[in-house]
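Just need the whole structure built from these sequences, with the hints factored in.
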Amino acid sequence: MAVPAEARGVAAATEDLVEVENLVKHFPVRGGLFGRPRAFVRAVDGVSFTIRRGETLGLVGESGSGKTTVGRTLLRLIEPTSGTMRFAGKDLAKLSEEELRRLRPKMQIVFQDPYASLNPRLPVGEAIGESLRVHGIARGAELDRRVAALLERVGLPARARSRYPHEFSGGQRQRICIARALAPNPDFIVCDEAVSALDLSIQAQILNLLFELQKELGLTYLFITHNLNVVRHVADRVAVMYLGKLVEVASAEDLFEAPRHPYTRALLSANPVPDPRAPLKPVPLEGEVPSPIDPPPGCRFHTRCPEVFEPCSTVVPAESVVRREPAHRVYCHLVSESDAA
Amino acid sequence: MSENEPLFEVKGLEVEFETDSAPARAVRGVDFTVNRGETVALVGESGCGKSVTALAAMGLLPGSARVRGSVRLGGKELVGLPEADLRRVRGGEIAMVFQEPMTSLNPVFRIGQQIAEVLRLHRGSDERAARREAIELLARVGIPLPERRVDQYPHELSGGMKQRVMIAMAIAGRPRLLIADEPTTALDVTIQAQILELLQSLRRDHDMAMLMITHDLGIVAHFAERVNVMYAGKLVEASRVVDLFDDPLHPYTRALLGALPRPGRSRERLEAIPGRVPPPDRLPPGCPFAPRCKLSMPVCAERMPELVEHAPEHRAACFALDEPPAAGT
Chain H
1 MAVPAEARGV
11 AAATEDLVEV
21 ENLVKHFPVR
31 GGLFGRPRAF
41 VRAVDGVSFT
51 IRRGETLGLV
61 GESGSGKTTV
71 GRTLLRLIEP
81 TSGTMRFAGK
91 DLAKLSEEEL
101 RRLRPKMQIV
111 FQDPYASLNP
121 RLPVGEAIGE
131 SLRVHGIARG
141 AELDRRVAAL
151 LERVGLPARA
161 RSRYPHEFSG
171 GQRQRICIAR
181 ALAPNPDFIV
191 CDEAVSALDL
201 SIQAQILNLL
211 FELQKELGLT
221 YLFITHNLNV
231 VRHVADRVAV
241 MYLGKLVEVA
251 SAEDLFEAPR
261 HPYTRALLSA
271 NPVPDPRAPL
281 KPVPLEGEVP
291 SPIDPPPGCR
301 FHTRCPEVFE
311 PCSTVVPAES
321 VVRREPAHRV
331 YCHLVSESDA
341 A
Chain L
1 MSENEPLFEV
11 KGLEVEFETD
21 SAPARAVRGV
31 DFTVNRGETV
41 ALVGESGCGK
51 SVTALAAMGL
61 LPGSARVRGS
71 VRLGGKELVG
81 LPEADLRRVR
91 GGEIAMVFQE
101 PMTSLNPVFR
111 IGQQIAEVLR
121 LHRGSDERAA
131 RREAIELLAR
141 VGIPLPERRV
151 DQYPHELSGG
161 MKQRVMIAMA
171 IAGRPRLLIA
181 DEPTTALDVT
191 IQAQILELLQ
201 SLRRDHDMAM
211 LMITHDLGIV
221 AHFAERVNVM
231 YAGKLVEASR
241 VVDLFDDPLH
251 PYTRALLGAL
261 PRPGRSRERL
271 EAIPGRVPPP
281 DRLPPGCPFA
291 PRCKLSMPVC
301 AERMPELVEH
311 APEHRAACFA
321 LDEPPAAGT
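Protein chains in written order, with my numbering: chain H, 1 to 341; chain L, 1 to 329.
Some hints here could point you the wrong way.
[Said to hold, decoys possible] Derived DEER-like restraints, expressed as beta-carbon distance ranges:
(1) M102(L) / P284(H): 40 to 48 Å
(2) R102(H) / R282(L): 42 to 50 Å
(3) P297(H) / L283(L): 42 to 50 Å
[To be verified] Only pairs whose alpha carbons sit at most 20 Å apart, straight line, appear in this in silico SDA-like list of lysine to any residue:
(4) K11(L) / A65(L)
(5) K215(H) / S201(L)
(6) K215(H) / D216(L)
(7) K215(H) / G142(L)
(8) K281(H) / P62(L)
(9) K281(H) / D216(L)
(10) K281(H) / L198(L)
(11) K106(H) / D91(H)
(12) K281(H) / V242(L)
(13) K281(H) / G142(L)
(14) K94(H) / E21(H)
(15) K106(H) / R153(H)
(16) K215(H) / E268(L)
(17) K106(H) / E216(H)
(18) K281(H) / L202(L)
(19) K281(H) / E156(L)
(20) K281(H) / P263(L)
Simulated from the structure, these hints should not be mistaken for laboratory data.
By construction, the Cβ of each residue, glycine as well, lies at the ideal position given by its N, Cα and C atoms.
Right, dumping it as structure tokens:
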């Protein structure tokens, strides 16, 4: 099933498959007379990152962080308010309808809720084959053959193609969603809380499958999750978001071994690792996450930060590069470049 | 009740639901205890019967459920207790906190009223005293500006706040046992840490025991002293928490721990148990885990293994553990 990069028409030489610069997404809050927007939910407010071909970037954050919006905007399921998104070097905003249509098969998504993302009226074989048909990749017997192969690749029998979603368990439906995402031979898959609704033992099956597929097909993943244990396991690099902004980006090892941002530290300290001997001393965070409609000025985390000081409430922290290789950057007034490890 | 008697004792609990086909046997003979002031975890994946066990203990199952066996609180039998008597126990001596606070909080009543109701019913407080104590309880569970929040409706609160209100309602009756069913699953990690810490401090301050029902082994590791592992309606392993992680005995427990993403194992294959949990209306004879078990032997499909103590305070139900090593191995 592996299709070489050249045959897929993508320049194998491109190092950065996904490049995001200053991505912004504001959702209007409608109300008042004539439904004019009263305010905006500043869900994503200037986020930049890159993902190298074949890499898994983990994107973590709690409710209101904006991580899910990033994933959907990247795939243009939602239109960004501003910012640049490049895929395989191509600026997505500058593409013609035709070029964009040709690029869509290369970028796919698997969602959290396998119950909600499959059409209950379609036999699963049709759901999987839909993109093949729509993009003119295959039809008739060839399409059937591919659907069967996809089902088997995700660990389901080919005869499952004529069954309906309700006949499958949560884990099986998630496999079907993965098969559907793989059908158009994508380069890049956004996994949006793809294992969060699954039991531990099923989660392990799906994570193993995603990892095998990545190795076999050279896939690139953006793995969005709130589960720190899972992200540490799957990601090469991890980006942490808080209230629409990035606070820290580092290799998975550096993020978990040497987190620099107070929010990252609080988040990691709060996470109960399944080992009774590992210390659990959560850094206490006051209060709740502020509303993304009216985020705090300066550093958005300052209202809850245990290490808040003078500039935090007025000045937005700039990027500090704490380490170059592997790259580790932090957005915090406490951290300056002279602190590079 | 003497000091040494367990506070809460479940013996031979069985719960069966009527269905259109065969009856669904959700709980099939479960025994465990909770002592005064301790936290015991009941852990398992979806469909293992852990929540049904808790609901059976509280008498909260629908009429279609058949409950057999014994559940004793402070020596008093709860199974078969008339509803009027159960209502005095429930919310009083035993309280329960659920996963989804929105479904447990009445949306049309202010939160202060809901807490006050518990105080009036179980502590005999009058309206003014109840309101005063409701505000104190809200403060106790860490809700800022409680004198304002007391008059708010549930929808005006965040998830974490609602869960705190649930806890306030639960402790209002001064329970000896708090049953927490996935109390933090729907919450963010940092909020979860706050809620779990709150439960710990309440336990200490009120000498309250806790039965923590969860699928999260991280929570078990840090918040429980003893743990019971359930699978398809049966208890498969019971031990002190440290012993479960140090020396898991049952193949299911071992597989579950092997499935955990843990530091130091990045991007390695996780141990994935093939197959699925059998549905409660189509249970295999013998050990429910046998169809998925690497160690299964012919006897496993024929008979049900009993919980046997294999190490101090460490019980497991598995024929492979009972077998002495074969000669020559």
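Checked hints:
no.	hint	result
1	M102(L) / P284(H): 40 to 48 Å	26 Å, violated
2	R102(H) / R282(L): 42 to 50 Å	48 Å, holds
3	P297(H) / L283(L): 42 to 50 Å	59 Å, violated
4	K11(L) / A65(L)	18 Å, holds
5	K215(H) / S201(L)	47 Å, violated
6	K215(H) / D216(L)	29 Å, violated
7	K215(H) / G142(L)	48 Å, violated
8	K281(H) / P62(L)	41 Å, violated
9	K281(H) / D216(L)	18 Å, holds
10	K281(H) / L198(L)	14 Å, holds
11	K106(H) / D91(H)	14 Å, holds
12	K281(H) / V242(L)	18 Å, holds
13	K281(H) / G142(L)	18 Å, holds
14	K94(H) / E21(H)	15 Å, holds
15	K106(H) / R153(H)	19 Å, holds
16	K215(H) / E268(L)	12 Å, holds
17	K106(H) / E216(H)	16 Å, holds
18	K281(H) / L202(L)	18 Å, holds
19	K281(H) / E156(L)	31 Å, violated
20	K281(H) / P263(L)	18 Å, holds
Of the numbered hints listed earlier, those contradicted by the structure are 1, 3, 5, 6, 7, 8, 19.
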